[in-house]
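Those protein sequences? They're chains A and B, same order as listed. For the first sequence, the positions run 1 to 206 when the numbering used here is used. For the second sequence, the positions run 207 to 674 when the numbering used here is used.
Careful, some of the hints might be misleading.
In the PhoX-like style, the derived pairs of lysine-lysine whose C-alpha atoms are separated by at most 20 Å in a straight line are [unchecked claim]:
| # | chain 1 | residue 1 | chain 2 | residue 2 |
| --- | --- | --- | --- | --- |
| 1 | B | K370 | B | K214 |
| 2 | B | K509 | B | K484 |
| 3 | A | K206 | B | K209 |
| 4 | B | K565 | B | K598 |
| 5 | B | K452 | A | K206 |
| 6 | B | K509 | A | K206 |
| 7 | B | K452 | B | K209 |
| 8 | B | K457 | B | K444 |
| 9 | B | K277 | B | K256 |
Derived CB-CB ranges, DEER-like [stated by the list, open to error]:
| # | chain 1 | residue 1 | chain 2 | residue 2 | range |
| --- | --- | --- | --- | --- | --- |
| 10 | B | T308 | A | G178 | 41 to 47 Å |
| 11 | B | G595 | A | T50 | 44 to 50 Å |
| 12 | A | S63 | B | V396 | 34 to 40 Å |
| 13 | B | S470 | A | G54 | 35 to 41 Å |
| 14 | A | A141 | B | T537 | 44 to 50 Å |
| 15 | A | A141 | B | P279 | 40 to 46 Å |
| 16 | A | T50 | B | A458 | 57 to 63 Å |
| 17 | A | G54 | B | P283 | 52 to 58 Å |
| 18 | A | G198 | B | N416 | 34 to 40 Å |
| 19 | B | R302 | A | D188 | 25 to 31 Å |
| 20 | A | G198 | B | R302 | 18 to 24 Å |
| 21 | A | Q152 | B | A459 | 55 to 61 Å |
| 22 | A | G54 | B | I284 | 20 to 26 Å |
A few chain A positions that, by computed beta-carbon distances, are all more than 12 Å from chain B [what the hints assert, rightly or not]:
| # | residue |
| --- | --- |
| 23 | D144 |
| 24 | K161 |
| 25 | S162 |
| 26 | A190 |
By construction, these hints were calculated from the structure, which means they are not laboratory data. Model, not experiment: these values are computed from the prediction. Beta carbons: idealized from backbone N, C-alpha and C, even for Gly.
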Amino acid sequence: MSLAKVTQVKGLALAVPGDDIDTDRIIPARFLRCVTFDGLGEHAFRDERTGPDGKERAHPMNSPQAARIAAAKQGVMVVGFNFGCGSSREHAPQSIWRFGFTALVGGSFAEIFFGNSTTLGVPCVTLSKDDLAECDAFVRAHPDVEVTVDVQNLLVTAGAKSWKASIAASARDGLVNGKWDPIADLLDGATAVDQTAGTLAYVVGK
Amino acid sequence: MAKTLFQKVWEAHTVRQLPNGQTQLFIGTHLIHEVTSPQAFGMLRDLGLKVKYPQRTFATVDHIVPTNELKEPYSDPIAQEMIEALRKNTKDFGIRFFDTNTGTQGIVHMVGPEQGITQPGTTIACGDSHTATHGAFGAIAFGIGTTQVRDVLATQTLALSPLKVRRIEVNGQLSPGVYAKDVILHIIRVLGVNGGIGYAYEYAGSTFDNFSLEERMTVCNMSIEGGARCGYVNPDQKTFDYIKGKPYAPKAADWDAAVARWQSFASDAGCQYDDVVKFNAAEIRPTVTWGITPGQAVFIDEKMPALETLNAADRATAEDAYKHMKLAPNTAIKGTKVDVCFLGSCTNGRISDLREVAKYLKGRKVSASVKAIVVPGSQLTAIQAVHEGLDKIYIEAGFEWRGAGCSMCLAMNPDKLVGDQLCASSSNRNFKGRQGSQTGRTVLMSPLMVAAAAITGQVTDAREVFKV
């Protein structure tokens, strides 16, 4: 399986503020009542974007900037700390990705969300608290300036600004080498897998 | 060298190192349900792959099952479609399915232990973040995404990086009316909802030694709410006694060897931890959440925090929480009016939970202003409860007695809050909209506190209501 090398992602950016944004908020459970991921993009942050009265709320995902990113099918979401906590639902990064975001920049990411995003080829890089605040302020003030998430060189740049980014070494390795979906490597190990299985009493039926 | 259980299990299941530096880790037991598996089977078909070890994957349905309908087809066609999809997938690939008509269906994290599938020293994965529950048996159990469900189906392995281990020691005796749920809510309150990122939590100390397996499950279940992808308790005699005789437990000839093997996985005396945190059980009181993350919690007799007393970093979330919850800082949560009471979920829907509440519920009545439902987490639990006459106690008190499933924990089924109803809930998440209404409000607490709320119509102290 040949995958694109995700060395850098460039696009317009949208700040979606708040810490501890959980996956129920990213994609409410009623949208998990499905057997495919098709169509999830339009429901990303649905209940944050639409009030109980059915009317649109003031939310970054309802902004013209979000619409531009959706149209371009590429863009960067700038988020807070512990983004994607809660449920393991892959529907959450699927909805963000299908909406049009191809990279996330934040303070920290919940682990399952991070893994699910990486497996889609969507890098989630972190900045220091101060840098994140600066980046967040910059993208709000300069909606027309494209942001580059450089996974290869661990930098987030926008205009003349540049911030040092971090990502787990294994995720970076997978992304830049076009091996962010591990299935090919895992399948390659089939013989070794059988050997390990043979050493585990509960697997061999004892 | 002295090692932790985590290290031993990790080493025993390591297949090899992957080119990106991660470990290809063997997953001995794979649990699946209807919500996060259909896309994985779709990917498998698209790639033309088979299930590598079909006998090591076990399926059930829980999230979308209506708890008030016994007959299929369900009135919800999507629920029916999702169940049918799992029936087809498990049939096509030769996977054991604990289906609705078997008397063994239930929340996936209850089915594993009930069947004796959950065992010490094993690796377990499931497309559900509450998979950490199985750590109560000394297993390393991970919640995974759907693409990873595909990985486990196709290869019986995952690409993972090892975690650090934080030992969380709780010592001493809990006061009457204080439960395992209060212990984990307190731990999360202190360590934070993101305190566990990068860690496995090893729960230990005399409080855990004294806990039943079901109490240990309640704590391990909510590890993820503290940011820890897995949590575990070292296996002991109680663990072995719990497993013995269960359908998938090792049989007579293999039993002693299995116990010896299981014992060998327990953390060694003198092993190194990346962090150690200690709690005194006697200081923990009944705990309730007031906000929109499980870490926003207070003891029932405390006031909710004033904004200025919070760390600057927590203030924005707290303000948002107070607004959503329609609660005021620096006031008591005790006395807050409750509309719905939910007793159930993979956190607190087990037989010991139902028994403990029933002990106090006899002769009491649910407040006329409250809708109260009790949802046994599994069919086996429901059957046992009915056998003991517990259902009658609940029904006489005014609870609705339901069939097994996830129910109102996440509202993927008809059990949902309406409008801004406030729910006293024994479940695990109080996120905005979690219980099915965008403006719905959730207050997490122990099962007995839920019962006290049901009777008084308020968030209240169960110790006073029931003279515990």
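For a quick check of understanding: which of the numbered hints are violated here, in increasing order?
2, 3, 6, 7, 9, 13, 14, 15, 17 and 26
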